[in-house]
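Chain by chain, the residues:
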Amino acid sequence: MPHAATTGLFPPMDRGMFRDGVRVMAPMGLPVAVWGLVTGAVMVNAGLSVPIALLMSVMVYAGSAQLATLPLLVAGAPLPVVWATSLVVNLRFVIFAAASRRAFVHLPWQQRLIAGYLNGDLGFALFSQKFGDADEHGNPAQWGYFFGMNTFNWLAWQVSSIAGILLGNVVPEEWGLGLASYLALLAVLIPMVRGMPALAGTVVAAVVSVAAHDFPVRSGLLVAVAAGVSVAMATEKWRHRVQAVAA
Amino acid sequence: MSETWPYYVIGIVGLTATVFATRSSFFMLPAKYSLPPWLESLMRFAPACALVAVIAPGILVPGGHVDVGWGNHQLLAAVASAGVFLRWRNMLATITVGLLVFTALRLWA
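Protein chains in written order, with our numbering: chain A, 86 to 332; chain B, 8 to 116.
Same shape as in the complex, but just chain B (with noise of 0.2 Å):
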C-alpha cells in the first residue's frame, strides 16, 4: 500500500475533477451556451454503455473465463436480482435477493 498511495491519491483527485466537470459543467458556463442535440444523444447513452461494460464482464467472466451457463452462479443472481428490480423498483430487496440467491447456489448447487 505504502508504494501505490500516490497512485491512489492523484487517480482520486482526477476522479473528483470528473465530478466537478460534469455536474458543475453548465452551472459555470454563460446562458449562451446550450447543449447540441447530438451531443445530449451521446451524453444520455454513454453512461447506461458504460454501466452495462462494467457489469457485463464483471458477471459473465468470474476468474478470466466467459461463463454464460446455468453453472454461472453471480448470472443467475443478476437475473434474479434484475427482475425483482423491474418488479418493486426497491434497491434493498434487489440486492438482498441477489445475494441470497447467489449464497443459496453456492452451498447447495
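Extracted from the complex, chain A is given alone in its bound form (with noise of 0.2 Å):
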C-alpha cells in the first residue's frame, strides 16, 4: 500500500475529505445527543457514581450495551454476566468490522485498533454507503472521510453523556428515566428487526426474558438470546429450503 504510514495512532488523511466526514455526520448530532444525555443521565440515576459513570462513558463508548448491562452492574450481577450480555449486543459489530476492513487491513496494527474501536453503527452505514462500491479501498481520502465522521460522533457523544451524568442527579425519578433507556434501546432494537427469522427470533427472546426475568445472577438475557438466535437460525433455514423446493 503506498498511502500507509507505519506510525502514528491515525493513518494519513485528506482534510477535504475529513470536512465532508464530519459535514455528513452533523444532522446525526442531535439524535446522538439526545442518546448520549440519556445514557449519562440513566447511568447516574441508576446509582452508579458520577467517577464510575465518567470512566464507563470514556472508555466502553458503546450507548446499547452500557444501557444493556446497567441493570446488571446495579444489582451486583457476576461480572463474567455482564460481559457475556455487552459481547452479545455487541456481536453486530463483527459483522460491520468484516464488512469494512478493506479500507484498513494494510494500516500498522494500532491505527486499525483505534480505527475499529471508533466503528460504531452511524459511522459503518455512512461509510458503506459510500465507499462500499469504490474500486480502490484504503486511501487518505478514505481515512479523512472515516475519521471526520466518526470524531465528530465521538466528540457528540461524550460531551452529551458527560452532559447527561452532570444531571442524572437533578433530574426527579418520577419522570421515568429508566423508562426513557428503555425507550432509546427501542429505537435501536426496531431497525435491525428486519425479515422473518429477525422477527420470530426477537419474539421468541422477548417472550423468554420475561419468562426467565427471576433466573438465578440475572442469567435469563443469556437464556433469552440462546433461544431468540436458534429460532431465528432454524427460520432462516427453513425459509432456504422453502425457497430451494419453489425454484
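Do not take every clue at face value.
[Claimed, not checked] Computed from the model, here is a short list of chain A residues facing chain B with C-beta under 10 Å:
| no. | residue |
| --- | --- |
| 1 | ASN204 |
| 2 | ALA296 |
| 3 | VAL310 |
Note that these hints are calculated values from the structure, not bench results. This one's a predicted model, so the numbers in the text were calculated from it and none came from an experiment. Note that the Cβ used here is the ideal one computed from N, Cα and C, for glycine as well.
Assembly of the complex is requested from the two constituent chains, each provided in isolation within its own frame, with the hints serving as guidance.
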C-alpha cells in the first residue's frame, strides 16, 4: 500500500474529506446527543457514582451495551454475566468490521485497533454507503472521511453523555428516566428487526426473557438470546429450504 | 460506593475489552480469515435478541411482577413510542412521546 504510514495513531488523511465526513455526520448530532444525554443521566440515576459513570462513558463508548448492562451492574451480577451480555449486544460490530476491513487492513496494527474502536453503527452505515462500491479500498480520502465522521460522533456522544451524567441526579425519578433508557434501546432495536427470521427470533427472546426474569445471577437474558437466535436461525434455514424447493 | 468501586472498575475494563474485541475484530485478523455464513447469521440475530431481552422485562416486569394489562403505563408508553419511531424514525420524538404518555398516565389515569 503506497499510502500507509507505519507510525502514529492515525493514518494519513485528506483534509477536505475529513470535513466532508464531519458534514455528513452533523445532522446525526441531535439524535446522538439525545441518546448520550439519556444514557449519561440513566447511569447516574440508576445509582452509579459520577466518577464511575464518567469512566464507563469515556472507555466503553457503546450506548446500547452500556444501557443493557447497567441493570446487571447495579444489581451486582457476576462480571462474566455482565461481559457476556455486552459481548452479545456488540456482536453486530463483528459484521461491520468484516464488511469494512478492506479499507483498513494494510494499516499498522495500532491504527486498525483505533479505527475499529470508532466504527459504530452510524459511521459504519454512512461509510458503506459512500465507499462500499469503490474501485480502490484504503486511501487518505477514505480515511479522512471515516475519521471526520467518527471524530464528530465521538465528540457529540462524549459531550452529551457527560452533560447527562452531571444532570442525572437533578432529574426526579418520577419522570421515568429508566423508561427513557428502554425507549432509546427500542429505537436501536426496531431497525434491526428486518425479515421473518429476525422477527421470529426477537418475539421468542422477548417471551423467554420475561418468563426467565428471575433466573439466578441474572442469566435470563442469555437464556433468552440462546432461544431467540436458535429460532431465528432455524427460521432462516427453513426459508432457504422452501425457496430451494420452489425454485 | 467505596466498597464496590473495584467491581465497577474491573467491570468497565471488561466491557471496554468486549467493544475492542468486536469492533476491531476483523480489522486485526489477517485477510485470509472471513466470517462463515452460519456465524454471520448468529451475529446478525444475537444483538436484536439481547436488546429485546433487556427491554421486555424492563417494560413488562415493573417491580418484579409480570404485568401485560392496561394498568401497565410503561407498556402503553412503549407502544406509543414504537409507533412514533416506525412512522418518523426520530430518536428525540420517540423518547419525548413515550415519556409524555407515561407522565400523562401517571398524573391522570
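To see whether the hints hold, each was checked on the structure:
| no. | hint | result |
| --- | --- | --- |
| 1 | ASN204 | holds (5 Å) |
| 2 | ALA296 | holds (8 Å) |
| 3 | VAL310 | holds (5 Å) |
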